[in-house]
Every structure is written in structure tokens, then in C-alpha cells.
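Student: Now for the letters of each chain:
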Amino acid sequence: MLKPLGDRLVLEQVESEEKTAGGIVLPDSAQEKPQEGRVVAVGSGALKDNGERVTPEVSEGDIVVYSKFAGTEVKYDGKEYLIVRESDILAVVQ
Amino acid sequence: MLKPLGDRLVLEQVESEEKTAGGIVLPDSAQEKPQEGRVVAVGSGALKDNGERVTPEVSEGDIVVYSKFAGTEVKYDGKEYLIVRESDILAVVQ
Amino acid sequence: MLKPLGDRLVLEQVESEEKTAGGIVLPDSAQEKPQEGRVVAVGSGALKDNGERVTPEVSEGDIVVYSKFAGTEVKYDGKEYLIVRESDILAVVQ
Amino acid sequence: MLKPLGDRLVLEQVESEEKTAGGIVLPDSAQEKPQEGRVVAVGSGALKDNGERVTPEVSEGDIVVYSKFAGTEVKYDGKEYLIVRESDILAVVQ
Amino acid sequence: MLKPLGDRLVLEQVESEEKTAGGIVLPDSAQEKPQEGRVVAVGSGALKDNGERVTPEVSEGDIVVYSKFAGTEVKYDGKEYLIVRESDILAVVQ
Amino acid sequence: MLKPLGDRLVLEQVESEEKTAGGIVLPDSAQEKPQEGRVVAVGSGALKDNGERVTPEVSEGDIVVYSKFAGTEVKYDGKEYLIVRESDILAVVQ
Amino acid sequence: MLKPLGDRLVLEQVESEEKTAGGIVLPDSAQEKPQEGRVVAVGSGALKDNGERVTPEVSEGDIVVYSKFAGTEVKYDGKEYLIVRESDILAVVQ
Chain A
1 MLKPLGDRLV LEQVESEEKT AGGIVLPDSA QEKPQEGRVV AVGSGALKDN GERVTPEVSE
61 GDIVVYSKFA GTEVKYDGKE YLIVRESDIL AVVQ
Chain B
1 MLKPLGDRLV LEQVESEEKT AGGIVLPDSA QEKPQEGRVV AVGSGALKDN GERVTPEVSE
61 GDIVVYSKFA GTEVKYDGKE YLIVRESDIL AVVQ
Chain C
1 MLKPLGDRLV LEQVESEEKT AGGIVLPDSA QEKPQEGRVV AVGSGALKDN GERVTPEVSE
61 GDIVVYSKFA GTEVKYDGKE YLIVRESDIL AVVQ
Chain D
1 MLKPLGDRLV LEQVESEEKT AGGIVLPDSA QEKPQEGRVV AVGSGALKDN GERVTPEVSE
61 GDIVVYSKFA GTEVKYDGKE YLIVRESDIL AVVQ
Chain E
1 MLKPLGDRLV LEQVESEEKT AGGIVLPDSA QEKPQEGRVV AVGSGALKDN GERVTPEVSE
61 GDIVVYSKFA GTEVKYDGKE YLIVRESDIL AVVQ
Chain F
1 MLKPLGDRLV LEQVESEEKT AGGIVLPDSA QEKPQEGRVV AVGSGALKDN GERVTPEVSE
61 GDIVVYSKFA GTEVKYDGKE YLIVRESDIL AVVQ
Chain G
1 MLKPLGDRLV LEQVESEEKT AGGIVLPDSA QEKPQEGRVV AVGSGALKDN GERVTPEVSE
61 GDIVVYSKFA GTEVKYDGKE YLIVRESDIL AVVQ
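Residue numbers (the UniProt record's numbering), protein chains in the order written: chain A, 1 to 94; chain B, 1 to 94; chain C, 1 to 94; chain D, 1 to 94; chain E, 1 to 94; chain F, 1 to 94; chain G, 1 to 94.
A couple of the hints might just be wrong.
Said to hold, decoys possible - Listed below are the simulated BS3-like cross-link pairs for lysine-lysine, each with C-alpha atoms no more than 27 Å apart in a straight line: (1) C:Lys68 with D:Lys75; (2) D:Lys48 with F:Lys48; (3) G:Lys3 with G:Lys75; (4) C:Lys79 with C:Lys68.
Unchecked claim - What follows is a list of derived Cβ distance ranges for each label pair: (5) B:Gly78 with F:Ser87: 54 to 60 Å; (6) G:Ser44 with D:Lys75: 44 to 50 Å; (7) D:Lys75 with B:Asp77: 55 to 61 Å.
To be verified - Only part of the chain F face toward chain D is listed, based on derived beta-carbon distances under 7 Å: (8) Met1; (9) Leu2; (10) Lys3; (11) Pro4; (12) Leu5; (13) Asp49; (14) Gly51; (15) Ile83.
It should be emphasised that the hints constitute simulated quantities derived from the structure, not laboratory data. Every residue gets a Cβ at the ideal spot worked out from N, C-alpha and C, and that includes glycine.
Take the sequences, apply the hints, and build the full model.
Tutor: Written as C-alpha cells, this is what we have:
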């Protein structure tokens, strides 16, 4: 399993079936193209000045919209994941 | 529904009828063209150093003027939205 | 009415009559050309680290000198306004 | 009168007579050419994190050396002034 | 032995045998290519404003995924090591 | 006399006689060429967040090594001085 | 003697004999080439927000690995030294 550090999250691609139901369709021309993913792992949170950590606003299982050029792709155990910072998450789909 | 994170807001376009009444007409030549939108969702607010969040100055339903190149366009459930940071909001129309 | 957010101000142009009396004449060649305006609305102030807001140094009705390339022009109810940050205000004319 | 905001100062040119007595002669080739001026108005001081203001180190009447490309020239009531930030002041002539 | 300073870590390459078991396969085309390494030494942690140090999130022996262009290669006692900052570590493999 | 502001210092050139005794010889090719000077005036110190000032580490009379491209040359009462920030001082010669 | 200011250190080159015993061999091609030096003087430490100084992690006599392009070369009393910031020190050799 991949445990992200700090304010990072591990996302997996949301499959097309889910996208169709209440899904997000993204315009091709947007400069910063948002995309959809499901959160599979959440880091311990960004570090505050006093040494405590910020509780992340997203949880495992959340479907999130993120900025396209954010993050690093990683292939682990045969599956592809994206590691992004929480600040690259625009919104949670509820 | 789209729940924006942190200091982000979800805006929808204001229709022309509303624009005419007390509306804002924006010059085409301005380098940073402001635009009008209605707030449909407000994030939990920017994070302060002490881990608390700043109460946003805008509320759902507010008509706001924002900088044109701010934000990311998202299409959700067939409608177009704009996700912006509160700092990209110039003024609230009252 | 336009209510500016945070450390922003809404300014309107000062008419020439007022400029003549104790007015400011600005050189054309200056790299950063200052200009004169009257404050018509003041935001709630910049946010401090502790979540409080800085009391703005200018008030409604003040005649101020601001940097030319600052701010965003907005046309509202048929009148032109300029929305600037308080940090773009160089001085108050007293 | 011009009342500068925050950490800004209003300076007027020092006349040549004063320059001759214990005056500063500035090399033409210096990349950042310092210049001499007399302080005619002092702002309320830079804002600290706790919302208080820093007491300026210069006072009205001080002769100061400032960096040449600092500030904005303003003409007011027929006289030319320079509005600079206190951080652009290199030294006070005593 | 190399003792890294502050928020730095010393990593050694993970051998291919380990990579095969539950290993990470990294795409060649990624702009920021993540890589795998084993932590052999951990610094005292980044410095907080109050002068204390942040407890690192990784420990000696951890297998970590890091950004490729991070860090400095050092050869010591005939072995190659990589000295990286903890912020360059994307995730820990568990 | 020149009284430097904040974290600034006024330096004068050290004469060659002094340089010879325990002197510093500086390579010509260095990108950032350090140089030697004697401190003739010390500012009140850099401002801390709490509004107090940092006590400078150098005193009047100290011989210091500073980075060449730091500072501003000023000619005052017929003598040349250099006004630098304390952070441009690399070391004190003892 | 050279007394470095703030978070600076004075280093001298480590001679080849020492390098051979448990030495560090550095690749020529590395973008940021680390190098070895012996600490001969330590500054009073970086300044914290509260005006105290951070206790340096290295001591006189330590052999350290530093980034090649860091620091300023100084020749003093016929010997060459390098003045670097502590943040340019990657690791201590133990």
C-alpha cells in the first residue's frame, strides 16, 4: 500500500460508469483542466507552524475534482495512481 | 453537488435579465476583465496559522464580481460552474 | 452598490473642478503614474494572521492618490469605478 | 497636504545650498544611485502581524539618502514630491 | 556514516528483487519521475518557528517513493547514496 | 554623519597597510567577490515580528568581509562610504 | 581569525589523506556536486522570529558534505577558506 506523506493524497481514476451518473464533463479547451478521482489514501496533513498537522478536508472514498497538471503518476502492484497535494483538490463531489 | 475546498467558491453565471437590473457592464479592453457570478457553494475557508479557518466574506446566493482569468470551469450535471478562490472576488453587488 | 472584499476599495474619478483647487498635476513620463480618486466604498480590511482584520487607513469620501496600473475598472449602474487594494494607495489628500 | 499611507514617506528635494554644506556627492555610474531628500510627511508605519504599526525611524525634517529608482513622483500645489517606502531610505544625514 | 542535517534523508537504491515483489513500475514519460529508495539515515527534522524540530514522518528502513530530480548523489565508502529533503518524499510503501 | 536605517551598516574602505597584516587576499575570479571594510556606523537592527529590533552582530570599528555586489556607494563630506545590509556581511575579522 | 555571522560557517579543504580513509568520491557529472570540508568556525546561528538564534547542528572540527556552488571563497593569512550557510551543508561524516 502507498501511504502518502504530509498534505498528499493518493487518487485512483474513477471509472466511466460512475462518471455518467451525476458525472462531471470537462471542457477540452480549459487551460487548467480539472479531473475526477477517488481518494484511496490520505496523508497525515500539512504541517502547521506549531508542529501540529492540519486535518485533511477529504477522506478515503471521496470523489474529488483536481487540477490536471497536479501530481505525480505512480504504478503500484499493477494499478496506476496519482499522488497530489490536497491544495490541488478543487472540490469534493457529494 | 460540488463542495469546494478551503477558500474556494463555486459560482454559476448570472443570467442577462438580472444583469440589466442594476447590472454591471464591463469594458472589453480591460486587461483584467471582471465578471459577475452567483455563489452556489462556499468552502470551509482559508486556513489560518493556528489551524482555524477564516470565515468567508461571501455567502450562497451573493452576486459577486470576479477577475476574469481566475478559476477553473467545471461542467457538472449538465450545468457549467466556475470554481474560484475567494481572493479572486473583487466585490459583492448589494 | 458595490461592496469591496478584504483590503479592497471602490474609487470614483475626481472631477476636474476639484483637481484645480489644491490639485495634483501628474507628470506624463513617470513610470508608475499616480492618479487621484474619491473613495466610495471600503472593504472590511486585510486579514491578519490571528483572523482579525486590519482597520483600513482610508474612509469613504477621502481623496486618494493611487498607482495608475493598480486595480480593475468596473462599470456599475452606468458609472465607472475602480476597485483597488489599499496597498495601492500612496497618500490621502488632506 | 499629502498624508502618506503605511510605511510611506513624502520627500521634497533638498536645495543645492544645503547639499554643499556637508553634502553628499553621488557617483553617476552607480547602479542604484542614492539621492538626498527632506522628509515632509511620515505615514503611520508598516503593519505588524499583530495589527500594530512599526514606529518609523525617520521624522519630518530629516535629511535622508534614498535609492534613486524608489518611489513615485507627485506634483501637488505646484511643488514636486516623491513618495517612497521607508525601506527605500538608506540613511539619515545627521 | 553520513548523518544528514535538518529535514534531509540519506537513501540507498532498492535492489530489483525487492522491486519485483509488490514493486512500483514507473512510467518513463512522466515529467517528474518518482523513484524508489530505502531510508538509511534520517536528519533531526525541519526547524519550526519556535526552534523545535519537526519529527520526520519516515524512519530508517522505510521504502519510499521520491521525485526523480530531487536530491544530491554522494558516493561514500564505495556505495552510492542520495541525500534528499523529506518534502521530496511522495509516499512510503507499506 | 550618516546614520544607517534598520539592518544597514555604513562601511569605509580598509587601507592597504592594514590589509597586509593578517590580511585577506581575494581571488579575482570569484563570482561573488568578498571584500574588506571597517564599520563606521550601525543601524538600529532588523525589525522582528514583535516590533523589537535584532541587535546587530557587528559593532563600530569591526573589520568585516562583505559580498562585493552588495550595498550602495555614497560620497559624504569628501569621503566614500558603502551602505550594506548586515546580511551581506559574511564574517568579522578578529 | 574569521568569525562567520549568523547561520554561516567557515570551512577549510580536507586533505587527500583523510579523503582516502572512509572517503567520499564524488561523481563529476552531478548537477549539484557535493564536496567535503572541515568546519573551522561556526556562526551564532540563524535568527528565529522571537529573536533567539538556532543552535547550529555542526561543530568545529566536523567533516561535512556541502553543495559545490554554495558559499564564497576567502583567502586569509595565506590559507583558503569557504564561507557557507549551514543550509548548504548536506550531511556530517561520522
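Student: Looking back at the numbered hints, which does the structure fail to meet, lowest number first?
Tutor: none
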